[in-house]
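Student: Residue numbers (the working numbering), protein chains in the order written: chain X, 1 to 200; chain E, 201 to 400.
These are calculated hints, taken from the structure and not from any lab test. Hints are supplied without guarantee of correctness; some may be wrong.
[As the list claims (entries may be wrong)] Derived list of chain X stretches under chain E, where covered just means 3 residues or more per stretch with a C-beta under 8 Å from a C-beta of chain E:
hint, stretch
1, 41 to 52
2, 93 to 105
3, 129 to 136
4, 140 to 151
Backbone N, C-alpha and C fix where the C-beta goes; we use that ideal spot for every residue, glycine too.
There are 2 protein chains.
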Amino acid sequence: MKESKTPFSYELILKNISRFIDLNLEEQNLYISLLRQRVIRKKDFILKPGEVVKDEYFIVKGCLKVYSIDDKGVEHISMFAIKDWWTGDIASFLTQQPSNYFIQALEETEVIKISRKNYDLLFKKIPKFERFYRILYQKSLANYILRSDQNISLSAEDRYFNFVKKYPSLVNRVSQKDIASYIGVTPEFLSVLRKRISSI
Amino acid sequence: MKESKTPFSYELILKNISRFIDLNLEEQNLYISLLRQRVIRKKDFILKPGEVVKDEYFIVKGCLKVYSIDDKGVEHISMFAIKDWWTGDIASFLTQQPSNYFIQALEETEVIKISRKNYDLLFKKIPKFERFYRILYQKSLANYILRSDQNISLSAEDRYFNFVKKYPSLVNRVSQKDIASYIGVTPEFLSVLRKRISSI
């Protein structure tokens with residue numbers, strides 16, 4: 001766990017924000033003053049169950065795995081957060097109750113983070129961020145519901161195709177075990193599935 | 201399916217809005233002008249899979265059941281929407297793609313609805329609604345993630361206790377079959393569970 005010594009650019013996060021709202025230069029600088037940077041080493045955790053979430057993260061480079069472990073010891077991956085994605089545990093971040101999640105870096109990962117205090121301040125200082133987060137949460141909610149639906153209604157094969165479509169850059173960066181956990185099958189079943197698909 | 205002839209009060213929806221933003225009288229009237237009322241008869245559907253969602257709903261009275269049916273014919277209840285709740289299918293509402301859901305009235309239900317067109321207009325006319333929906337979606341997202349977690353991590357007994365805590369008014373209004381579907385067990389298992397609990 002180390003703070004970044006050589007700061008990286010805010011260009012990517014500003015571009016992400018500009019999808020939904022326009023910030024002038026003064027607002028951009030004010031926004032940046034509320035952010036912090038961090039480099040997370042491969043395999044390091046930034047969250048473990050029982051901890052209260054202090055920050056929301058934007059990924060500049062690398063990959064974070066967000067997951068929980070059920071009472072039978074089975075791992076459930078909620079999300080791989082990659083470049084240009086937002087992640088965290090919004091329930092714990094908002095309620096300041098302990099999280100049920102692990103967040104671990106699968107590669108060395110550069111993040112930009114905003115604390116809960118600065119997040120609250122942001123809406124006071126730059127009210128148009130209400131719009132940015134309204135649209136961001138709206139899309140997250142729709143995507144989250146869609147994925148839950150698909151976990152129920154799609155076959156394992158179709159869930160694997162969806163993973164490949166959603167995360168084309170991850171297919172060869174993430175372990176087979178993690179892909180299997182994300183789509184909700186055993187690694188053995190995923191191996192059979194991949195052989196079946198490659199023989200089509 | 202009938203439009204309401206005797207309009208009901210907008211008091212409840214305005215009170216719901218006032219949790220997060222203050223509207224002056226002019227804004228209240230403008231907002232109300234963008235809404236429509238409807239009474240849904242018991243057992244009527246306002247959404248079936250394949251249809252594109254036209255409206256978001258606020259429940260004034262009654263109860264709607266939001267559910268999907270998987271390819272094995274098993275019903276999965278996402279939500280019981282009761283008085284003072286918002287519901288719909290946000291993914292279909294936003295993307296204007298066909299829904300996977302059924303929404304059915306379990307009782308005669310009074311709703312206030314906003315169309316997609318008026319929803320978009322609302323943010324132009326009264327920008328502070330960005331804040332209202334930012335907070336609403338933020339809470340929905342946190343609740344949705346929490347419920348998905350609990351479906352994985354809690355026992356059926358604890359899921360039943362959560363249902364009773366979340367919907368105290370529904371325990372005797374909704375069928376045992378529907379409660380079983382919501383908590384993800386068979387009606388037979390729920391019956392065993394309730395007997396076990398009542399004997400404690």
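Student: Let me make sure I understand: some of the numbered hints might not hold for this structure. Which ones are they, in numerical order?
Tutor: Violated hint (a single one): 1; every other hint is consistent with the structure.
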